[in-house]
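Participant: Using the sequences and the accompanying hints, generate a full structural model.
Number of protein chains: 2
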Amino acid sequence: MSHVEFRTCPANYRHWKLAVDGPVATLTMDVDEQGGLVPGYELKLNSYDLGVDIELYDAVQRLRFEHPEVKTVVLTSGKEKIFCAGANIRMLAASSHPWKVNFCKFTNETRNGIEDATENSGQTYLAALNGTASGGGYELALACDQILLVDDRSSAVSLPELPLLGVLPGTGGLTRVTDKRHVRRDLADYFSTKAEGLGGKKAVAWKLVDEAVPRVRWKEAVSERSVALASASNRLPGGAAIELTALDKSRTDDAITYQYVSAALDRTRSVAEITVRAPEEGAPPSMAGAHAAGAAFWPLAMARELDDLILDLRTNETEIGTWVLRTTGSAERVLAFDALLLEAAASDWLANEIVLYLKRTLKRLDVTSRSLIALIEPGSCFAGSLLELALAADRSYMLFGVFEDVDPGAAPATVTVGPMNLGPLPMGNGLTRLQTRFYGDQDGLAAVEKRAGEPLEAEEAEKLGLITFAPDDIDWEEEVRIALEERSAFSPDALTGLEANYRFAGPETIETKIFGRLTAWQNWIFYRPNASGPDGALRAYGTGKRADFDRKRV
Amino acid sequence: MSHVEFRTCPANYRHWKLAVDGPVATLTMDVDEQGGLVPGYELKLNSYDLGVDIELYDAVQRLRFEHPEVKTVVLTSGKEKIFCAGANIRMLAASSHPWKVNFCKFTNETRNGIEDATENSGQTYLAALNGTASGGGYELALACDQILLVDDRSSAVSLPELPLLGVLPGTGGLTRVTDKRHVRRDLADYFSTKAEGLGGKKAVAWKLVDEAVPRVRWKEAVSERSVALASASNRLPGGAAIELTALDKSRTDDAITYQYVSAALDRTRSVAEITVRAPEEGAPPSMAGAHAAGAAFWPLAMARELDDLILDLRTNETEIGTWVLRTTGSAERVLAFDALLLEAAASDWLANEIVLYLKRTLKRLDVTSRSLIALIEPGSCFAGSLLELALAADRSYMLFGVFEDVDPGAAPATVTVGPMNLGPLPMGNGLTRLQTRFYGDQDGLAAVEKRAGEPLEAEEAEKLGLITFAPDDIDWEEEVRIALEERSAFSPDALTGLEANYRFAGPETIETKIFGRLTAWQNWIFYRPNASGPDGALRAYGTGKRADFDRKRV
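Protein chains in written order, with the numbering used here: chain R, 786 to 1339; chain D, 786 to 1339.
I should point out that these hints are in silico values taken from the structure, not numbers from a laboratory. Ideal Cβ placement from N, Cα and C applies to all residues, glycine included. Don't take every hint at face value.
Said to hold, decoys possible - Covered by chain D, according to a simulated footprint, are these stretches of chain R (three or more residues, beta-carbon under 8 Å): (1) 973-979; (2) 1283-1292; (3) 1306-1316.
Stated by the list, open to error - Chain D residues, not near chain R, derived (Cβ > 10 Å throughout): (4) Leu830; (5) Lys866; (6) Asp936; (7) Pro999; (8) Ala1049; (9) Ala1121; (10) Glu1128; (11) Arg1180.
Facilitator: Encoded structure:
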């Protein structure tokens, strides 16, 4: 495998079937055992690997854009007796630590996207567990708004990771069981140590599922529930579907290039230089123009490209530890597209979906374990939605004045706060990036908000706290070079921990608990010999040998 | 070293000096280089190990009880030019993973205790940094309410862990910098990568310290600030000091015994059977009796014993993975002592301090990486403050009926919710253990609160959700045995992660972020070869060799 591609489309799915019947879509998991992304394992019992989840992610995205009429999505299985057995264990046992961690991050993001569709898109997910859902299979169900389980004396939901594999459920299971479904913590403790799980009435009584339905009533119940959910949906109107046409992407050893987004990969310095370009033309006068443009509409095209780039670099370029973020083009045009979207977001499904997609893409950046450094130079357009890139960065450098040798007559760089920075693009912690930045400093935040709409030059932006440093032409090269060199010299692990903590100041949500708390514990456990060592539980599973644990409690 | 003892007293301090001058106490760190707890390192530059921190913990505790007149505590250094260099690096490099993690947990608890004294005891901590405070030294300052730094062009505050050692600050530094002191996250990022740190006006401007004071004004400024803090204190009155007399403790290979608390250690089953005994006599009619009893007053004596036992088992018995929690004696007496304390807690410093101490001791249990199983049997007294033990447990088993073969005429076990369960003993997440248990289930919580004061037998307690399981005499032995055997068979690491997640349902605070999020990342980083491997940064430090990192980002 040269590298992993996240671009796919329903015609190429090997593991999922998407069927749409009026307002109800059914997404059927029917994993091809021989269709693993990497050789060495069979995807039995609807177990999944990254390839299976890439298709799921694609389907969830396409439902939002290509099926605006859909109001309920039923997640079910094409196998008999099994809904989904979770992440494939042989795949996990054979994978490197970075692969496991990155895999869990992506699957978490997809499940959060399912919750986002339910909460904000009027596409409500219903888990129709027509057989046992274990481990990641149950976690997939937990991401749905409602869970129906067939009541046949054998089908169950379970989290067998701890008793069978010596690891934790890796896709938010523990957090969602208590914080979303409100399963009592002592019952949750028991449930998570019982490999075979629970089914029937007890699963309902413990709040693990919403309903246990006898097989004879199954089809009818699923249909009733999905129609009821559809009729309660607040899915916005706004016209016909948009086709998410194939992304035009070129990938060489040292560059990844799309229409509006590009990355130059410098393997010597371990740096990816990412540039996001503003639209080449002005915004259309109304969303009609956006509907007509479809996937070519700048905010959507840009978000798709950035999304794919983040996933590509995260998965395929693990040694490129620092991402430099630049923008180029007209800030005014960026702000005009922002304004068009926000004006229509409450009434037009497409505008709403694009804003939500921008939000999710920026969130993906927030949880990316790479150092993010924004460079704000003349000709850049860090305004509104694109200013979020600088606010997501660990640090930003903004040139004071101009590059005298390059273009002494250039207009100095500016940054502009716009409506997109003041609410519609919250981070996982529920705060905007500005609120997180000024956490505990209401005056500082108010001062910035007062200047919304105004292009601010470096001195002003620094004083307001919108950027980190504002070196002038004389210091710029050296300061930026040192910052990048230092970053490459530090321990990548310590940077990951530092960034994961500083990026999420303030309150926590289910989402930040999953990425910040649960994932950190899981990373640690994954790395310990008790799981991944030669005698660890993950590697002993299925061999008939018992894991040999170091019994010391840590 | 046979085992680590946490019992000490000022006469035995090797590293700290405690001086009291009216309402202002000064706690001076003056570490004995040769006084390391374990051979193999010198405690240079006021660096610390567990032994140094045990004394600090003792001093903070004694200030609360033995110096009720104290309203400000000045933390400063007895060395010139250095306040504290943080945890000793050679000690860290030579320590096992469990030792490092347990060390950080204890130091975190002590710093949280400092914040608790400031917030709830009217003993406000002032960090008087008369020299550089780096790493854990700065983190100690961060736990104080105010930070003064001498402004002499060389003294600085710093978090050099990432650039120098490839690990994170292990005692809450990252969380407190952003969430407590509201340092902007990008400035925090820069600060945490700059090994030499920042001093003077810049440290003030970035909110890293409150004031930078020239050396000529130093003594005066510290004195002014401490007097000002003392006069703003809400320290309660209530009479003379209580002496925290030496705990009467016996320790053999298979038992640890105090007056009210005991533990039988079963190394074969990896189980500690802990029993907490109710008071032997009734509560005195007023707090005058408590003041007269001093350290012998049951709630104080019991809390001290339990506190010491938790620390002892955590540090010395890492292979004993399950703690069984039992109580014995009169529930009515427990409730009477609770009532006496709560009636006086708003007006009498001793009552307030004992309630706060109970709170901190129970919090210590919450963050203990051992499985906690409460067994509720006839003759037990899980009521009020002692019911918290069952609510802190991962699971509880309550006998339905009586042991027919043992004592068929016994009164069946009961549990009683009291005022102590409804507010005064919050967990680190800011919720009571009952609120955490019924997180998202307001009706369930209300139903339990309605029954406060009523001794509830097993059937009722199970129905209300106060206990996990209520097996009868026939099933009891087998069910409990299986639970304990299973727990011993599971991966200790996975259990640690499971428990750390389930115990803290719901909201997060600085405290839970430190224990749950930051600690988990730190554990992972500590364990990675980039830190602790033969070429890792922690082991390379001071050898002149550069660390050799695996550059893959995870």
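Participant: For each hint, tell me whether it holds in the structure or not.
Facilitator: Comparing the hints with the structure gives:
| no. | hint | in the structure |
| --- | --- | --- |
| 1 | 973-979 | holds (count 5) |
| 2 | 1283-1292 | holds (count 9) |
| 3 | 1306-1316 | holds (count 9) |
| 4 | Leu830 | holds, 22 Å |
| 5 | Lys866 | holds, 27 Å |
| 6 | Asp936 | holds, 23 Å |
| 7 | Pro999 | holds, 27 Å |
| 8 | Ala1049 | holds, 18 Å |
| 9 | Ala1121 | holds, 28 Å |
| 10 | Glu1128 | holds, 31 Å |
| 11 | Arg1180 | violated, 5 Å |
Of the hints listed earlier, the one the structure fails to meet is number 11.
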